[in-house]
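Student: If you read the sequences in order, they're chains A, P and Y. One point on numbering: in the numbering used here, the residue at position 52 of the first sequence is 52, and numbering is uninterrupted. One point on numbering: in the numbering used here, the residue at position 125 of the second sequence is 125, and numbering is uninterrupted. One point on numbering: in the numbering used here, the residue at position 37 of the third sequence is 37, and numbering is uninterrupted.
For the record, the hints were derived by calculation from the structure and aren't laboratory data. No false leads were slipped in.
Partial pick of chain Y residues on the chain A-facing surface, computed with a CB cut under 10 Å: (1) E39; (2) P42; (3) E44; (4) D48; (5) K49; (6) P123; (7) V219.
Negatives, chain P to chain Y, calculated, CB over 12 Å: (8) A32; (9) S40; (10) K48; (11) A52; (12) S58; (13) K59; (14) I83; (15) K95; (16) F98; (17) D105; (18) G134; (19) A139.
Note that beta-carbon positions come from the ideal geometry of N, C-alpha and C, so glycine has one too.
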Amino acid sequence: MAEPMKIRATLQVDTADVRILMQHPMETGQRKDAKGEIVPMHFIQNVVITHNGKTVLDAQWSQAISRNPFLGLRVKGARAGDRISVTWTDNKGDTRTDEVAVAAPS
Amino acid sequence: MNQLRRTLLKFSGAALAVGTGLLKAGEVFAAAWNKPAFESKAVADALKNLGAPNLIESKDIIITAPDIAENGAVVPIAVTSKIPNTQSISIIAEKNPFPLTSTHDVANGGEGYVSIRLKIGETSNVRAVVKADGKFYTAVKEVKITIGGCG
Amino acid sequence: MSGIRSSIAVIALACVSAVAFAQGSSADPLAVGRQMLAEDNPGELWVDKGKNLFYEMRGPKKASLEQCDFGLGPGKLEGATTRLPRYFPDTDKVQDLESRLLTCMVQLQGFKREDIVRRAISPAGSSGSDVEALAIYITSRSNGMKMNVSLSHQKEYDMYKAGEYLFYRRSGQTDFACVQCHGESNKRIRLQDLVNMTDKKQIQEVVSTWPAYRGAHYVVRTMQWRLYDCFWQMRLPELNYVSDASIALTTYLHYQGNGAVIQVPGFKR
Numbered sequence: 001m002a003e004p005m006k007i008r009a010t011l012q013v014d015t016a017d018v019r020i021l022m023q024h025p026m027e028t029g030q031r032k033d034a035k036g037e038i039v040p041m042h043f044i045q046n047v048v049i050t051h052n053g054k055t056v057l058d059a060q061w062s063q064a065i066s067r068n069p070f071l072g073l074r075v076k077g078a079r080a081g082d083r084i085s086v087t088w089t090d091n092k093g094d095t096r097t098d099e100v101a102v103a104a105p106s
Numbered sequence: 001m002n003q004l005r006r007t008l009l010k011f012s013g014a015a016l017a018v019g020t021g022l023l024k025a026g027e028v029f030a031a032a033w034n035k036p037a038f039e040s041k042a043v044a045d046a047l048k049n050l051g052a053p054n055l056i057e058s059k060d061i062i063i064t065a066p067d068i069a070e071n072g073a074v075v076p077i078a079v080t081s082k083i084p085n086t087q088s089i090s091i092i093a094e095k096n097p098f099p100l101t102s103t104h105d106v107a108n109g110g111e112g113y114v115s116i117r118l119k120i121g122e123t124s125n126v127r128a129v130v131k132a133d134g135k136f137y138t139a140v141k142e143v144k145i146t147i148g149g150c151g
Numbered sequence: 001m002s003g004i005r006s007s008i009a010v011i012a013l014a015c016v017s018a019v020a021f022a023q024g025s026s027a028d029p030l031a032v033g034r035q036m037l038a039e040d041n042p043g044e045l046w047v048d049k050g051k052n053l054f055y056e057m058r059g060p061k062k063a064s065l066e067q068c069d070f071g072l073g074p075g076k077l078e079g080a081t082t083r084l085p086r087y088f089p090d091t092d093k094v095q096d097l098e099s100r101l102l103t104c105m106v107q108l109q110g111f112k113r114e115d116i117v118r119r120a121i122s123p124a125g126s127s128g129s130d131v132e133a134l135a136i137y138i139t140s141r142s143n144g145m146k147m148n149v150s151l152s153h154q155k156e157y158d159m160y161k162a163g164e165y166l167f168y169r170r171s172g173q174t175d176f177a178c179v180q181c182h183g184e185s186n187k188r189i190r191l192q193d194l195v196n197m198t199d200k201k202q203i204q205e206v207v208s209t210w211p212a213y214r215g216a217h218y219v220v221r222t223m224q225w226r227l228y229d230c231f232w233q234m235r236l237p238e239l240n241y242v243s244d245a246s247i248a249l250t251t252y253l254h255y256q257g258n259g260a261v262i263q264v265p266g267f268k269r
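Produce the entire structure from the sequences given, and follow the hints as far as they go.
Tutor: Quick look at the structure:
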């Protein structure tokens, strides 16, 4: 089951600084488990991030992205309360979407 | 971005959350996930498959990364592109078995900036390839990889 | 003593590359990477997991952990881990966070002790154990507060003295004591900086950052795991989970680190 992400979106003047922590094994398909068997490839291939419904980042990833991935991005023209939505999809077709509102600087 | 794909992505969450999914793994992204580029073993081939055989060196691309990484499995890399109209940032770890690690397309206010964490197998040049106004620019930084620790 | 010191130095030199650097110097080439990783710490995901687990009705008794007393009264979490390890009258023992969690998971939730002990330290790369998530959540409720272990009860004092004794005692096939690796500043084994635990500032840095996300394991690790792994590295017999020896050492180290401001999740390589 896809584990929830942790998303922080803080406003810096008019730019949202967005930081996303994800939980995913990002298996390369080259690693062997304790029994000596290959652990099959299992990795996030695509991440789509929208700002108030508009796509601001569309990423394609390979197995070279680290396990428990991190993604940082910046969105210009943001305001406090705007919606940032993050969706990842992996090579098995599993997917996860999480959303936050852009927070004003504290 | 392709409107059909955007629609498919919107619905894939709902469909796949049920567990069965209407789409087979890989079906949605046949057009989107650049298989030839990601499966290229040589940097030159990866660049060709990215549609970027010619690169312009640019000082307006800043790669923020450690000089020495303690753990090659989790190497933080950030790329900032100051080039106007940046459309995408790709990151290549030149000595990895498959050098292309990722491509990030930005639009609608998404800045030319991305921060990720990579698996890097050995001391290697990390190359950023930025597409802006249809042209391709590049910068490079060496990251030394160590194991760190004993026992 | 000097024979072992010089063999550690030889091992360190043999493993490391030509460029040497002092711990904490501005020219430290590892600093950039460490900072980038610590700023966005996957351990935060475990804090969230732990919070959910804390309030969830679990175990055969289908109860949450809200009635668990971590020393400040049932359900009071703010500041609780700043005082651990401490003496608990209901068990008549000095307990650290994990052994107290064990007590509550057994008594309140009806879990079997052996089952918890077996799963407490999760395999690297897994989604982690419930104990690890709970430990980091409960500790995070003391974030920003100062470590304040007291030795006013006789048993607390005895545990402290036992921990001090263990810290300095040479044992096992390597004839190592903790102090040999952790008694001097600016030492390292390969690229692993060794904390000088006899230095106040450095031990405070240690006690304030556990539990931590261990990058190389992709899970959150706790102080119980850290001590267990040290014993393994020293080729000593296995340090049992929440054993008296582990609690003695934790009491000693936490007391030495009194005044440290808790800030979890930590990030370790």
